[in-house]
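Input sequences plus hints: build the corresponding full structure.
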Amino acid sequence: MKLTRLMLALLLVSGLFVAACGEDEEEPESAAPTSEATSGKIQKNDANAEVQLTIGSKNFTEQKVLGEIYAQGLAAAGYSISKDLNLGDEKTALAAVKAGEISAYPEYTGTALLSFFGKQADELPKDPQAAYEEAKAGFEAEGLAALPPTPFTSSNEVAVTQKTAEDLGLKTISDLEGKSQDLTLYGSPECRQRLDCLLGLQQVYGLKFKKFVPVDIAQRHEVLTSGRADVSIVFTTDPQIQRENEVLLEDDQGMFPPYNSTLVMKQETLDAAGEDFQKTVELIQEQLTDENMQELNARVDLDKKDPATVAEEYLTETGLISG
Amino acid sequence: MSTTLAFLGEFGDAIDWIFNSRESQAGGAQVGGAENLPLLWTHLKLTAAAMALAIVIALPLGLALGHTGRGAFATISISNTGRAVPSVALIAFFVAFFPGTPEFWNVTVALALLAIPPILTNAFVGVRQVSRDAVDAARGMGMSGPQIVRSVELPLALPLIFGGIKTSTVNVIATATIAPLVGVLTLGDPIISGSVYGREGQIGASIMVAALAVAAELGLSALQRSVTPAGVKLERGASGTPSRLGTLKRRIQTVP
Amino acid sequence: MTELFAQLQTRDRSAPDCVADDGICPGWIADNFDRYLDPFWQHVFLTLVSVGIGFAIAFALAVMAHRRRWLVPPITQVTGILYTLPSVAVFFLLLPLTGRGNTTAIIALVAYTLLIIFRNVIAGFDNVPPETTDAGRGMGLTERQLLWRVELPLALPEIMAGLRIAVTTTVGLASLAFLAGAGGLGEALFADYTFRSNVLVAGGLAVLLAVILDLLVLGVQKLITPWTRVAT
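If you read the sequences in order, they're chains W, E and L. Take the first sequence: its letter number 310 is residue 309 in numbering that gives the first Met the number 0, and every next letter is one higher. Take the second sequence: its letter number 167 is residue 166 in numbering that gives the first Met the number 0, and every next letter is one higher. Take the third sequence: its letter number 29 is residue 28 in numbering that gives the first Met the number 0, and every next letter is one higher.
Hints are computed from structural coordinates only; laboratory data are not their basis. All clues given are correct.
Simulated DEER-style distance windows between Cβ atoms:
hint	chain 1	residue 1	chain 2	residue 2	range
1	W	P147	E	L39	47 to 53 Å
2	L	G26	E	W104	31 to 37 Å
3	L	L96	W	Q266	24 to 30 Å
4	L	D133	E	D12	52 to 58 Å
5	E	S20	W	S321	56 to 62 Å
6	W	P147	L	L47	44 to 50 Å
7	E	A51	W	P147	54 to 60 Å
8	W	E243	E	G32	38 to 44 Å
Even glycine gets a Cβ: it sits at the ideal position worked out from N, Cα and C.
Right, here's the structure in full:
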């Protein structure tokens with residue numbers, strides 16, 4: 000019947016249409032600056048163009064900035080880079096690497112030790128280099144490589160407002176004992192099951208909170224300033240700490256490990272990427288100090304700039320790419 | 000084929016998750032089974048609060064506008080624009096502009112705003128398409144405006160009004176799944192925070208939400224049947240949808 | 000070899016500042032408006048492709064079911080189930096099967112439009128006066144000619160109305176597509192949903208898009224059915 004044939008033809012055409020359009024989901028974005036990057040510290044090697052990599056990241060500002068920095072820096076070195084940032088929490092990102100959906104993403108040594116390798120609080124190394132070695136060994140057992148860590152460390156921290164700290168006399172996390180049952184804690188959704196978050200506060204410090212409310216991680220300061228949260232989990236590189244005069248409670252029982260960032264990828268991807276890869280990554284990371292990372296976060300969170308723009312600013316201001 | 004089998008297996012896991020609690024993906028928290036009850040309760044509370052607010056605002060307004068016949072353009076515009084506002088934008092708007100208010104009430108107001116257009120439009124159209132003869136007869140009998148609305152127009156408009164309420168309720172139940180993004184823990188939490196609840200949690204919670212929506216639809220349909228006057232039922236048919244629609248309804252095109 | 004760490008230029012951020020205080024800042028909006036263009040076009044793409052495919056499928060189903068009435072209840076049931084599933088759930092459930100990206104989002108959005116369009120097309124056909132179809136048959140028109148030349152034009156108002164609902168609803172749902180990795184205005188919105196300027200622009204653009212598409216469909220409707228008086 001001609002009508003049915005017409006309908007089938009319509010369906011076929013739309014099917015082809017979606018196949019053609021749906022295939023090209025993440026168009027490889029050439030993140031290299033418009034001028035030839037010959038005078039910057041990163042040297043472009045045309046041989047790297049054969050290597051195709053997808054850089055991923057987790058779902059908060061610092062991660063998006065790091066992802067952009069790696070993506071743009073590696074693109075300047077000649078690699079074919081596409082991005083898939085803002086994947087989710089640490090488990091989602093690790094699953095993405097293992098499944099081959101992304102080639103690499105920046106993970107924190109402390110997060111890896113606690114969330115992936117099941118280290119207990121009392122087994123945590125205090126030294127950043129030792130933490131990195133342990134994390135690296137853990138990743139190696141799963142066929143993954145962890146590149147040398149960044150200078151900066153971005154630790155989870157327990158934060159309260161100035162007023163709360165004064166009213167309740169809080170200086171250390173242990174000071175919360177006896178008071179926490181009247182306080183509301185806000186954290187990310189995965190905080191419930193992390194030893195460097197709610198779970199650790201419960202097990203290491205023996206704290207019970209009146210209520211735990213999971214919110215999007217980007218809200219971690221806003222919940223404090225608006226008064227919805229009494230206590231919040233923040234990162235030491237957050238620019239809002241200084242601006243809002245928040246008080247970070249001292250981790251007197253050593254619940255939080257070091258959190259340097261290390262690029263995690265499959266071993267075979269690293270081997271196939273050539274010798275330029277690790278060199279470029281280490282060159283990019285060299286200037287990622289605590290102060291610089293905090294400045295970059297401030298440009299995104301406070302100045303409301305785009306992470307991609309801020310990454311480019313980092314690369315040009317440090318001379319890695321000629322501006 | 001193996002994907003289908005895997006999916007069936009996952010489906011079984013999800014059903015198990017609904018009824019039995021277990022440790023979260025990385026340990027440390029309890030999920031599933033009885034742990035779902037607070038989530039379900041919040042979901043129901045949120046839906047009830049939003050629908051109550053929406054009905055209280057939209058129904059009298061729709062009835063009044065329909066009775067006087069004014070405001071057709073405004074009602075249609077609100078209906079169209081209301082459908083266009085993304086739910087997540089509305090929720091984000093309230094949280095951004097009223098940060099001090101508890102999240103529950105911010106989300107309630109946002110959901111109520113989403114629920115208003117179908118109820119408003121259907122109430123308006125429902126009253127408009129009541130036969131003019133019936134209204135004239137009632138006026139001839141000496142009934143005042145509000146009496147006409149209550150005794151004549153409202154009962155005859157009930158099928159459409161209920162249709163609007165049903166549509167809104169299902170929408171609100173579905174939209175309440177994104178409330179966890181701002182801290183109101185409904186059945187959407189297992190769906191969004193998959194890394195805590197696991198895949199069986201995501202599927203299980205989705206099944207629960209879908210079941211909730213179906214239950215609401217069936218329940219409201221039964222309620223509709225019980226309050227529709229017998230005469231109206233005979234004229235309109237069991238589903239309550241008239242088979243011929245007036246030009247006004249065609250223009251607005253409500254979803255019964 | 001140790002180099003001194005290069006220090007980035009910093010600025011004093013302790014003063015009250017519209018942007019840092021998450022307010023509505025016209026200056027920032029003007030400077031950063033181009034950030035929303037990519038998400039806007041992604042949103043347009045997702046909406047048009049999803050409604051296009053949904054319409055093709057639902058229309059085909061409705062034409063089939065129009066002549067074989069026994070098909071209507073089962074098709075309504077199936078599309079109804081797809082409609083009842085919260086779209087958020089469908090995004091997440093499809094992820095392991097179809098991966099992050101446009102495909103997953105489009106599948107979910109298409110599923111959602113099916114019931115709306117199917118129901119409206121069927122209702123459109125149902126509202127064609129039987130006298131008209133009888134007259135057509137009396138004039139000797141074949142079933143196919145009857146469909147295309149008589150029933151379809153008369154059903155158009157209802158069909159277009161359904162299309163308008165589908166378009167506006169899909170714009171709303173596509174703002175959740177970022178959960179499946181498909182970008183869109185929802186991604187921009189959720190990147191900073193406490194920043195009021197951002198919420199206003201991203202949300203406002205989504206509403207604007209829906210209104211524009213709604214009016215476009217209405218315009219097309221008026222163009223191809225000049226004999227009906229469609230007043231809105």
